[in-house]
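Trainee: Letter by letter, the chains look like this.
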Amino acid sequence: MTGASGESPEGGTPVALSGPERSILAAIREIPDLPVEEDELANRLGLGLDAVRGSLQRLRSKHLVLVEEEHEKIVSLTPRGKETLSAGLPEHRLLDAIRARGPLTMEMVSSLGLLDDERSAAIGILRRRGLLADGIPLRFKSEVPPAAGPLPEERVLRQIANGERDLDATIVEGLERRGLARTDHRSIKRWAPSDEGRRLALVEEGEESLGALTPALLTSGGWRERVFRPYDVRAPVPLVGGARPNAYVAWLEEFAEVLVGLGFEEAEGPLLETEFWNNDVLFMPQDHPARSIHDALAVEGVVGHPPPGDLLARVAAVHEGRPLPGETTPVGPGWSAPYDPAIAARPVLRSQTTAVSARFLARHPVPPFRMYSIDRNFRREEVDAQHHLEFHQAEGIVGAEGMTVRHLVGLFRSLAEAIGIRDLKIRPSFFPFTEPSIEGYVRHPRLGWMEVFPGGLFRPEVLRPLGIDVPVLAWGVGITRLAMVSLGRNDIRDLFADDLDALLGRRT
Amino acid sequence: MPRSTLSGRRVLELLPDGVTDATWEELLFASKAEVDRRVGDELEISVTPDRLDLLSEGGLALYLQGALGSATGLPRARRARAVASPWSFRVDSSVDPLRPYVAGVRVRAPPGRPLDEGTLAEAVRFQEILHATVGRDRRAMSLGIYPTRRIQPPVRYALEPVDSIRFVPLRGTDPVTGAEFLAGDSMAQRYGALGAAEGRCLTLRDAAGEILSVPPILNSRSAGEARPKDRELLLEATGTRPRAVREGLGLLLVVFVARGWSLAPVPVERADGSLDDGSAILEPVEIDLSAEGLERITGAPLAPPEVAAAFARARLTARRARGGYRVAIPPWRPDLLAAVDLAEEVVLARGVRSEDGIVPATPTRGRRRAQTVFRQRIATLLLGLEFAQPHTPLLVSDASVARVDGSATIRLRNPVSGEFAHLRDRLLLSHLDVLAHNTRRSYPQRFGEVAPVVVRQPNAESGAETRHHAGLMIASERAGFADAAALVEYLLGSLDVGSVREPAELPGTIPGRAARARVAGEVVAEMGEVHPRILAQIGVPVPSAWAELDLTALWPLTARRDTD
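Residue numbers (the working numbering), protein chains in the order written: chain G, 1 to 508; chain W, 509 to 1072.
Treat the hints as calculated values from the structure; they're not laboratory data.
Misleading hints may appear alongside valid ones.
[What the hints assert, rightly or not] Subject to a maximum C-alpha distance of 20 Å in a straight line, what follows is the list of computed SDA-like cross-link-like pairs (lysine to any residue):
no.: 1; chain 1: G; residue 1: Lys425; chain 2: W; residue 2: Ala530
no.: 2; chain 1: W; residue 1: Lys737; chain 2: W; residue 2: Glu625
no.: 3; chain 1: G; residue 1: Lys189; chain 2: G; residue 2: Val67
no.: 4; chain 1: G; residue 1: Lys73; chain 2: G; residue 2: His185
no.: 5; chain 1: G; residue 1: Lys425; chain 2: W; residue 2: Asp864
no.: 6; chain 1: G; residue 1: Lys82; chain 2: G; residue 2: Asp184
no.: 7; chain 1: G; residue 1: Lys73; chain 2: G; residue 2: Asp184
no.: 8; chain 1: G; residue 1: Lys82; chain 2: G; residue 2: Asp117
no.: 9; chain 1: G; residue 1: Lys425; chain 2: W; residue 2: Asp544
no.: 10; chain 1: G; residue 1: Lys425; chain 2: W; residue 2: Glu542
no.: 11; chain 1: G; residue 1: Lys425; chain 2: W; residue 2: Phe537
no.: 12; chain 1: G; residue 1: Lys189; chain 2: G; residue 2: Asn43
no.: 13; chain 1: G; residue 1: Lys425; chain 2: G; residue 2: Met450
no.: 14; chain 1: G; residue 1: Lys425; chain 2: W; residue 2: Val867
no.: 15; chain 1: G; residue 1: Lys425; chain 2: W; residue 2: Ser862
no.: 16; chain 1: G; residue 1: Lys425; chain 2: W; residue 2: Leu536
no.: 17; chain 1: G; residue 1: Lys82; chain 2: G; residue 2: Glu154
no.: 18; chain 1: G; residue 1: Lys425; chain 2: W; residue 2: Ser539
no.: 19; chain 1: G; residue 1: Lys189; chain 2: G; residue 2: Arg60
no.: 20; chain 1: G; residue 1: Lys425; chain 2: W; residue 2: Glu533
no.: 21; chain 1: G; residue 1: Lys62; chain 2: G; residue 2: Glu118
no.: 22; chain 1: G; residue 1: Lys425; chain 2: W; residue 2: Ala538
no.: 23; chain 1: G; residue 1: Lys425; chain 2: G; residue 2: Gly478
no.: 24; chain 1: G; residue 1: Lys62; chain 2: G; residue 2: Glu21
no.: 25; chain 1: G; residue 1: Lys425; chain 2: G; residue 2: Gly410
no.: 26; chain 1: G; residue 1: Lys82; chain 2: G; residue 2: Gly163
no.: 27; chain 1: G; residue 1: Lys82; chain 2: G; residue 2: Glu118
no.: 28; chain 1: G; residue 1: Lys73; chain 2: G; residue 2: Glu176
Can you make the complete structure from the sequences, with help from the hints?
Mentor: Written out as structure tokens, the structure is:
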């Protein structure tokens, strides 16, 4: 069995070792003084260094050996450096000649047997060090001649020749520039078996090892006398592409479960609504800009109807600031504009899930009640990475005696904690159907403060026509945005996923 | 959200010294305004739609003064001394059918501080915001600002023949006739229909016959151009709704009140002889708030001094009244309509802190709708059949509908584009799009989705009904009608219902290879082979079988249904 990737009839990919790999792994496991350098290992096994290196690299890729690597600088003398070490540096020879013969003319310097470039370099060096005076003939600058003995460069040349490591780096650099020394870089690798390499059962060539565990082997018990061939557990495996829940849909379901856990019961409403339920019952003035043809999506060729019973008359009364039928005091001053029942009956794509809350309230639920709805809504927007005509909202209401704005804040805290967020702060807001209106901001670890929970207490102009006489907390969550953050999506269009390979997990 | 660009310097000069950026930010977070961007002195501010007053430098400063405590209670808007005044609007009955309402206020600069360029710019900018919002793009209300020294009162408001009108428009240099103005001016082209009809248009003229403006379009240059150093201005509003006229004019006042200008009413005399002294627009409105009603909102009893202090910080003035408080509301706070709005002011002025929250007890039992659980059950079965689960929009394109003959979708009246123009009546429309988007992926392809559709239903309140379908698609070399039918049988079988299959002509399918399934006589599913014409159009190289279950129809027929 080779170690090739692909489907394995045995149920896994065995760890395949070549003969040299097996020998090296066996040998390295026996060495007491680890890690060991590769040339020493080659000597022990009597194998060529290149062969040992190759096998060690392959064992490393199978995670069976570990390597420590050290980089070393080795300085050595060039042939010219070696000659200079025995003959002395040109500047040394020049000093000795002046010391012996006094000031030197150029003819006398030529007689010293120095090469042209050596001669010029030596004169320049001695002048820069302040040992020679300017001009010809060459003479010492000071009346006291410099001390005899080896120059610093000569001492370093000697150290290099002796194999010493602790060298003056500046002088070495100068010697390298003069072609007298060179620096080589060497990496030293020291090897040791990994835990896996120590544990791996090494099966000798020719020994029969067990690959797949077959029913026959199980029945016969034949596996008891055999050694299991180990698998390379890191080897690639066949790709499995199965159906899995759509990430966005699953996320919405999970959020719904959170709300159920908080005692909310689910409600649902039509996606094509009348303006009555989408706006009027929520005390949105009939000429509100958000209701214009530029913001709401209207439809062709469909005729809507007013709501059943006396609800239309009751809602018309609060819009016009009149008392509800049978009452003497108006709920509020209204919008000081005539209410148009024809507008109320117009069909429109639902723009807010609050319409579902209104329908729920119209069924006169017995307090206390908690309702939620997570569903699609529609706004007339250009589609781009951040906007879509179609988006989800999570909407909820809590109706009970004694509910106040403090309970709404407490509810925001519960919701935030339920989705794993603890930091919450509140600021004022405005919605036509709630008063007071607030917004809960939560702190996202990466994105900072995010506006997540808008909410408020339904206005009397909403509740009274519906016959509700307990305070009702209402909140909504722009859940599509929250899902994008939670799922790490930057483009809202990605939530409408239809790439089948991605949906089947064939790629991400 | 409404937004505007304000001068930070002009706001700060009305505040006490030492307001740091951090204080500023903290104060605004607790308000209904927020700074979107700050470049040098320019503050780009957005506000919630109820607090338009915060979009003026004066209004924002008044709010911040209260929040900082440097000035509290209702700002003192000085009234000009009551002297017999020749100022009034005389309203001709000709305006009644077109734009019947007019109101005005004269504002006078404090001694030694006449109109400066900053205040004029602020007033003009705020005027435009009010046109767009309260004025509903000038339809409901429009405003005018005039220098009183160039007007001879009273001012007549009438609908005049365009031939009788001659004036220099504010943005022009030469006199034009009414007809020329209406035909040639870009503002007139945009707003002309609001102020002109049948060869006549609205005018405001002074006693000397000088045109002040042609509402709601433009002022004249001679009598309608306010300039720096003017000491007194006439602010005027005309409109189709008295409330919008009152609100627009009331809001504009905040620019001047914040800088200590005094106010004088302008009476309105109508053709029927009625006279409005014009003072109502300047007077604070009083609204009662019961202590009990306040406690119902705040959740805690508040001592009267606390309530009074909270109102004072909100730049309102409250006094004790029987059982609660009587609160005076200035004309630039039209958002305060009723007791519940006042309760909000108290809540916000005291600050809402997350730690004050009370987690409400949970006496209710949470639950999913039984129909939702039913739909989830079908979705889970599809996953178990290894059908990929796309999530597709309800809105489909013109092209998607056109390729399936016989679709009865509802079309949007105002689509943004043809890409999202119809409400799908069957998932097939969306799922053919999914096939079209995946022609470069390998086959076989199998996917399914449980999702809503909208179908016509004349008796329904909105004329249509939202139903939930389960749609399935198989595209493979061997896909055929039997695959679709087998899936339908499997799904119906898992719900313990038996069905009867009958031939049907269905949109988008090959004739003779499509069927409906009925349970108890009701259609609960459709299925068939997708027509090769469509497959060729969308580039699918293999046969495709489709099935669609109507879960809304199926739900009441299933034996295992729960109660809902």
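Trainee: Evaluate each hint against the coordinates.
Mentor: Hint-by-hint comparison with the structure:
no.	hint	result
1	Lys425(G) to Ala530(W)	17 Å, holds
2	Lys737(W) to Glu625(W)	8 Å, holds
3	Lys189(G) to Val67(G)	6 Å, holds
4	Lys73(G) to His185(G)	5 Å, holds
5	Lys425(G) to Asp864(W)	11 Å, holds
6	Lys82(G) to Asp184(G)	17 Å, holds
7	Lys73(G) to Asp184(G)	6 Å, holds
8	Lys82(G) to Asp117(G)	18 Å, holds
9	Lys425(G) to Asp544(W)	19 Å, holds
10	Lys425(G) to Glu542(W)	15 Å, holds
11	Lys425(G) to Phe537(W)	10 Å, holds
12	Lys189(G) to Asn43(G)	15 Å, holds
13	Lys425(G) to Met450(G)	10 Å, holds
14	Lys425(G) to Val867(W)	15 Å, holds
15	Lys425(G) to Ser862(W)	6 Å, holds
16	Lys425(G) to Leu536(W)	14 Å, holds
17	Lys82(G) to Glu154(G)	11 Å, holds
18	Lys425(G) to Ser539(W)	13 Å, holds
19	Lys189(G) to Arg60(G)	12 Å, holds
20	Lys425(G) to Glu533(W)	14 Å, holds
21	Lys62(G) to Glu118(G)	57 Å, violated
22	Lys425(G) to Ala538(W)	10 Å, holds
23	Lys425(G) to Gly478(G)	17 Å, holds
24	Lys62(G) to Glu21(G)	11 Å, holds
25	Lys425(G) to Gly410(G)	11 Å, holds
26	Lys82(G) to Gly163(G)	13 Å, holds
27	Lys82(G) to Glu118(G)	15 Å, holds
28	Lys73(G) to Glu176(G)	14 Å, holds
In summary, the one numbered hint that this structure violates is 21.
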